[in-house]
Every structure is written in structure tokens, then in C-alpha cells.
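Protein chains: 2
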Amino acid sequence: MIPNDVSPEEEHLASLADQHQALRTWLRLLSCTTLIENRVSSRLRSEFDTTLPRFDLMAQLARFPEGLFMSKLSQLLMVSGGNVTGITDTLEREGLVERIMLPEDRRARKVRLTAKGHAAFDQMAAVHETWIEGWLKGLSEQEQQHLYVLLGKLKQHLNESSGSISTSSEI
Amino acid sequence: MIPNDVSPEEEHLASLADQHQALRTWLRLLSCTTLIENRVSSRLRSEFDTTLPRFDLMAQLARFPEGLFMSKLSQLLMVSGGNVTGITDTLEREGLVERIMLPEDRRARKVRLTAKGHAAFDQMAAVHETWIEGWLKGLSEQEQQHLYVLLGKLKQHLNESSGSISTSSEI
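Here the protein sequences line up with chains Z and L, keeping their order.
At position 16 of the first sequence (counting the first as 1) the number is 25 in the numbering used here, and the numbers step up by one without a gap.
At position 163 of the second sequence (counting the first as 1) the number is 172 in the numbering used here, and the numbers step up by one without a gap.
Keep in mind that a hint or two might mislead.
[As the list claims (entries may be wrong)] Listed below are the simulated SDA-like cross-link pairs for lysine to any residue, each with C-alpha atoms no more than 25 Å apart in a straight line:
id, chain 1, residue 1, chain 2, residue 2
1, L, K81, Z, L44
2, L, K162, Z, S149
3, L, K81, Z, Q132
4, Z, K162, L, V136
5, Z, K146, L, N168
6, Z, K162, Z, E152
7, Z, K162, L, L36
8, L, K146, Z, T43
9, L, K81, Z, V49
10, L, K119, L, W140
11, L, K81, Z, S51
12, L, K162, Z, M87
13, Z, K162, L, K81
14, Z, K162, L, W140
15, Z, K146, Z, R52
16, Z, K162, L, E46
17, Z, K125, Z, P62
18, Z, K162, L, R33
19, Z, K162, L, E138
20, L, K162, Z, R37
21, L, K162, Z, L44
22, L, K146, Z, E169
23, L, K146, Z, H166
24, Z, K81, L, N47
25, Z, K81, Z, N92
26, L, K125, L, R63
27, Z, K81, Z, H166
28, L, K146, Z, M87
Everything labelled a hint here was simulated from the structure, so no lab data went into it.
Generate coordinates for the entire structure from the input sequences, incorporating the hints supplied.
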């Protein structure tokens, strides 16, 4: 699957192996992520008149049809509670999410997508996936899979070495 | 360098190849980046009483000793001009950056690190690199190099397919 011969770029890299390899890898990871995020953000604005934080919040709610506590939602989004509350309020006013009371504790509230919110998210998510597919076309299917495996190993190490909250994302 | 045999994980992945591979790869890329960014952010706060946007701004200036125009700085940081101006103002008050007048155009200003700013950044950057090295230890040297090559290919495709501003980062 992976070519066994060494490309000139890899050979060059091997010679630099000890020179800041970890830092250079991290900066490139950050750079790719930022490039893609900025594009997603710009397309969401131009095609759906929405923002990345709104889309991300709806994406998390779409994964939990029974709803989520705000604290859990903040944790999944890895951002502060204040932002999450503000966005949730706006989405609630637009009828895209709703806060529901729990029978077992009348003071507790969960937030979930409304039917309208689900429909809106599904439409955006399908288009979003076509953007991502286009932007990742620079890598073959096999290269994408290999990248996925390498990132999985990195993520596992990060979660094991954290000692703090791990994300419950299965991705 | 790269094993030619297929691991069970890769085999499993190959069978899922057509099921949202691009999306899953992107989400994992985003997830790794966010995990590392959050850690950098938290360590910068606890160990240097500073923020990631301040660190990133100083990191860009450190690459250009002759100074940068604000517009170029905003572009390199891939964030809006407003934030960059605010952070620059604060760093200037703290004596870490300075705005310099250009002999060829007295109305134009570039911003650059002061000697104090350079010293402060160098100290943070060295410690920052040890954090990154630790967090990337989940991957072997060869895996880090392979990740670097794959991300380079992805980044090249992103820049070629953009038709808009490319980042001038060499990473």
C-alpha cells in the first residue's frame, strides 16, 4: 500500500530528522487545519449565511438526538461555556434548537436540535462533505487512510498523556 | 522505511474506504490540532502568563527581523486585522514590539520585535518546542516524517486549488 522506496523529499527530510522534526510537523498540521477551517468558514458564510461555531454546535447536537447538557456541549466543542450559551440562545430564537426539561430533575435542561434544526443541519452537512472531499483530493484514497491512521495514533497518545478531560468524539 | 504489510487497523479502514474517508480524516486532523492548541494555550497561560494569539503574533515577527506591515501580519496569522491591532498595541505598551517609520514613506509603519521581545519570545519558543516534542512522541521519528510529507502534499493541493491568498509560511 505504501511505497517502500524513499522519495527525494523523504530523503531530504531524513537528513533533517533531528532538526525540529516535531515542531515542523506540528506547524504543518496547524497550517493545514487553519487553511481548511478558513475555507469552511468562508463557504458557510457565503452559501448558508452561517458561522463555523454555529455549524460545529449543531454538528455535536446532531450526534445526540436525546440532547446534551450545556456543560457536555461545551466540553465537546472544546470552547468556553459563555460562547456556547450565546450561540445556543440565538439558535433557539431561530427555532433550530430547543431546551428541554428532564422529568427526573425539573431544574435540569438539555439542549437538542428541533426537527427544523435537523433538516437545516443535514442539508449543510451534505454540502460540507463535498467541500472536504474536494480539498482532500490532493491525497489519494490510500494516502488519506494512512494520514487517518497516523493521526489516530497521535490522538491516542495525546489522550493517554493528558490526564485531563478526553474528548468523547469517536472520530 | 514504511512497513509494506497492512495492519489490522488499515485493513479495517480499507473496507470502510468509501464511507466518508475524507470527512473522517478531516475531523481527526481538526481534533488533533484542537487538542494540541488547547494544551499550548493552557501551558502558555500557566507557565508564561501569555496567550496563544500573542505567542503566534510574536512568532511571526521573529521570522521577519526587518519588521512587517500590519496587513501582511494579519495575512500570515490568518485572522482579522482588528485583533492583530489590539494585540500589537498591548505588546507595544509592554515594550515587546515597536512600530517603526520607513525612511522611504514617512506615513507607513512596520511592526517588529524589540530586543526585549526577541529575548522573551526565544525563551518561550524553546520551552514550547519541548512540549510539542513530548506530545508528538506517540509517533516514531519515521511516522512523524511521513505525516509531515502527507500534510505537505495536502497543503500544496490546498494552496493550488485556492486561487486566493496563499500563506507565505515555508513550513
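Hint by hint, here is what the structure shows:
1. Pair hint K81 of chain L plus L44 of chain Z holds up; C-alpha atoms about 16 Å apart against a cutoff of 25 Å.
2. Taking the CA atoms of K162 of chain L and S149 of chain Z, the gap is near 10 Å; set against the 25 Å cutoff, the hint holds.
3. Annotation: proposed proximity of K81 of chain L to Q132 of chain Z is violated, straight-line Cα distance about 36 Å (limit 25 Å).
4. Note on K162 of chain Z and V136 of chain L: the hinted pairing holds, with a Cα-Cα distance of about 24 Å set against a maximum of 25 Å.
5. With a CA separation close to 12 Å, the supplied pair K146 of chain Z and N168 of chain L stays within the 25 Å bound.
6. The suggested pairing of K162 of chain Z with E152 of chain Z holds, with an alpha-carbon distance near 15 Å, which does not exceed 25 Å.
7. Distance check on the hinted pair: K162 of chain Z and L36 of chain L sit about 14 Å apart at the alpha-carbon level, within 25 Å; holds.
8. Taking the CA atoms of K146 of chain L and T43 of chain Z, the gap is near 23 Å; set against the 25 Å cutoff, the hint holds.
9. At most 25 Å may separate the alpha-carbon atoms for a hinted pair to count; K81 of chain L and V49 of chain Z meet this at roughly 22 Å.
10. This hinted pair does not check out: K119 of chain L and W140 of chain L have alpha carbons roughly 32 Å apart, beyond 25 Å.
11. A threshold of 25 Å between alpha carbons decides the hint, and for K81 of chain L with S51 of chain Z the separation of about 20 Å falls inside it, so the pair holds.
12. Between K162 of chain L and M87 of chain Z, the direct Cα distance comes to roughly 28 Å. Violation of the 25 Å bound is thereby established for this hinted pair.
13. Pair hint K162 of chain Z plus K81 of chain L does not hold up; C-alpha atoms about 36 Å apart against a cutoff of 25 Å.
14. Of the supplied pair hints, the one linking K162 of chain Z and W140 of chain L holds, its CA atoms being roughly 18 Å apart against a limit of 25 Å.
15. For the suggested pair K146 of chain Z and R52 of chain Z, the alpha carbons sit about 18 Å apart, so the restraint of at most 25 Å is met.
16. Simply put, K162 of chain Z and E46 of chain L have alpha-carbon atoms about 17 Å apart, close enough for the 25 Å limit, and the pair holds.
17. Proposed proximity of K125 of chain Z and P62 of chain Z is supported: the alpha carbons are some 18 Å apart, at most 25 Å.
18. Restraint check for K162 of chain Z and R33 of chain L: the C-alpha separation of about 14 Å stays at or below 25 Å, so the hint holds.
19. This hinted pair checks out: K162 of chain Z and E138 of chain L have alpha carbons roughly 20 Å apart, not beyond 25 Å.
20. Restraint check: the Cα-Cα separation between K162 of chain L and R37 of chain Z comes to about 11 Å, which is no more than 25 Å; the hinted pair holds.
21. Pair hint K162 of chain L plus L44 of chain Z holds up; C-alpha atoms about 13 Å apart against a cutoff of 25 Å.
22. Proposed proximity of K146 of chain L and E169 of chain Z is supported: the alpha carbons are some 12 Å apart, at most 25 Å.
23. With a C-alpha separation of about 8 Å, the suggested pair K146 of chain L and H166 of chain Z falls inside the 25 Å cut-off, and the hint holds.
24. As the CA atoms of K81 of chain Z and N47 of chain L are separated by approximately 17 Å, the hinted pair is consistent with the 25 Å bound.
25. For the given pair, K81 of chain Z sits about 14 Å from N92 of chain Z by alpha-carbon distance, which is consistent with the 25 Å threshold.
26. With a CA separation close to 15 Å, the supplied pair K125 of chain L and R63 of chain L stays within the 25 Å bound.
27. At roughly 23 Å between alpha-carbon atoms, K81 of chain Z and H166 of chain Z fall within 25 Å of each other, so this suggested pair holds.
28. Our distance criterion of 25 Å between C-alpha atoms is met by K146 of chain L and M87 of chain Z, whose separation comes to about 23 Å.
When each numbered hint is compared with the structure, violations occur for hints 3, 10, 12 and 13.
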